[in-house]
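Order-wise, the sequence lines are chains U and Z.
Each step along the first sequence adds one to the number in my numbering, with nothing skipped, and position 170 is 197.
Each step along the second sequence adds one to the number in my numbering, with nothing skipped, and position 219 is 237.
In case anyone wonders, no lab produced these hints; they're calculated from the structure.
Hints should not be assumed to be uniformly reliable.
To be verified - What the simulated footprint calls covered on chain Z by chain U, stretch by stretch (three residues with Cβ under 8 Å from a Cβ of chain U suffice, anywhere in the stretch; the number is not a length):
1) 49 to 55
2) 112 to 119
Said to hold, decoys possible - Output of the computed footprint for chain Z on chain U, the stretches with three or more beta carbons under 8 Å from beta carbons of chain Z:
3) 45 to 54
4) 81 to 92
5) 111 to 121
Glycine is no exception: its CB is placed at the ideal position from the N, C-alpha and C atoms.
So the chains spell out like this:
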Amino acid sequence: MRSSAGERVGQVSFAAWVLLFTLLVLFPLYLLVMVSVAPGSAIFGERPALWVTEPTLRFWRRVIERGDLAAPVVKSLTVATAVTLAAIALAAPAAYVLARLPARVRYPLVVGLLVTRMFPEFVVGVSVATRFAQLGLVDDYPGLILAHLIPSLPFVAWILVGTFEGIPRDLEQAAAVDGASRLQTLARVVFPAAAPGIAVAALFVWLYSWNEFLYARLLTTSQNTLPLQVFQAVDRGAKQQMAAVAAVLVLPILPVVYVLQRHLRPGVLAGAIKA
Amino acid sequence: MAHLSARGTRTPATWLARRWLDVGCALPLFAYVLLLTVVPILDTVRLSFTGSGDAAFPSLASYRAIFASEVFRTAVGNTVVVALLSMALQLLVGLGVALALHRRFPLRGVVRTIVLLPLGVPTVVAGAVMLLVFARSGYANALLFALADLVNLVPGVQWQFTPLAWVVAGGWRSLLTLAIADMWKVLPLVVLIFLAGLQAIAPELYEAAGVDGASRWQRFRYVTLPLLAPYVTMAVILRAIDAFRLFELALVLTGRVEPVLGTYIWSRYGPPTHDPFTAAAAAVVLAGLIAAFVALYLALVVRRAEATA
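Start from the sequences, fold in the hints, and give me the full structure.
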């Protein structure tokens, strides 16, 4: 491969650009971990240090001992998983039906689902919170799960409509010809074919619920989820503690995101966009 | 399914008997959305047309009240500025990153994972970290300090760096901070959308253009950009819906200094005002803003592109 001067410059600037945005994305996350192990001297004052020379595990220990982490982790984990399962269970069949509808019926329905997101979440949240309070659903798992489903369902439906559209009808008709009932076709042919799209949608929903703050704030009085815990630490100004709790929030993201980007083949999102 | 509907299904009863599975599949979703989203939205709209205090309905009292409020007007202006600024930044940087990730290079998987990380960071945490970065005694200034040190190494150059207040300064600096914070958080989504678009472009098109003697820039302008257009539109619409609704970041970063519509609604609803009517009115205005922007964008950009295609 000939490497003219122009190509060299191109390669160097390409590498520089990749390095630049990678570092910029990592910088806040690096700060998070760094602050959680930094002694007070390093982070306060007019010019905080950009790296720590004497890391300390003091604040991690404090946070773990106070049990600040265990209960919120359990709550966030349970809610996130439950929301993911429920969202897929509710939205996938509906998305399948939508995908098989003629375009002029499907289009307004999908657009309508997206439009419901144009209202500030806070407003919907308050109305829902008031209703839930009357029903006694506050401060407990079911209420929060139901609340998280509200924005998740349209989102999952939108992604899965694209996925199901990408599954050719010939597959279903072949199965019918072989004598399979509608339900069997769905269970053994269609849904397995949609698995990558469902996996991606599920991961997105899980991440959303794990990180959700607003409904948690509105619907919680005693047991915090992790994001609430972080918010309280922000309010209190306890920088290192806040960083430690936040770091715990971010940890499960690493494997989830890694799996997500492995599954993201071009077809998955493209289908949703064409829809 | 085509071969099943060959028989006549004229009456609603037979239609239902045939389609019970479809209806059963779709009903839970739509019932849920109807009950828990549409109803609260309609409720909010109704609230917005109710004046606080008097029972007269409908009334424009709440709308008049908020438009008379300077805080509200500032919030609207800020919201529009931040949303447009964020979207411009996100689209430009997102495209640049997507283009880079589209090429093969060593460690691409690692870089891709890193770029996707902010997706999983809760907005509250992102806000908290950005607070650390952009505070007066924060890390952005620390970086600039380090830069100044480097620059001062050059003999004869003396740059006395005074730390800047980014967040609390108010005005464009606070808004810029918000836009950058939002961009960091949202970049992965935009990159994903553009990557999907780039991957959908058949390589033969580039080859054909190359055979015709097109330069790299020309290939980008005449092959890549037009074919990316639907993805750009999707990114714009998705981002518009969320950018105007900016709330948690603004609450954590600039809440008291520069209001946006999200925080304005929050403040009207909570103590000390406890006024759901003006909050509802502001929310309706916000939704209207988003709808207007999307409609405007579709009309101006998409129609015009189709017309000249």
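Hint check:
| no. | hint | verdict |
| --- | --- | --- |
| 1 | 49 to 55 | holds (count 4) |
| 2 | 112 to 119 | holds (count 3) |
| 3 | 45 to 54 | holds (count 7) |
| 4 | 81 to 92 | violated (count 0) |
| 5 | 111 to 121 | holds (count 4) |
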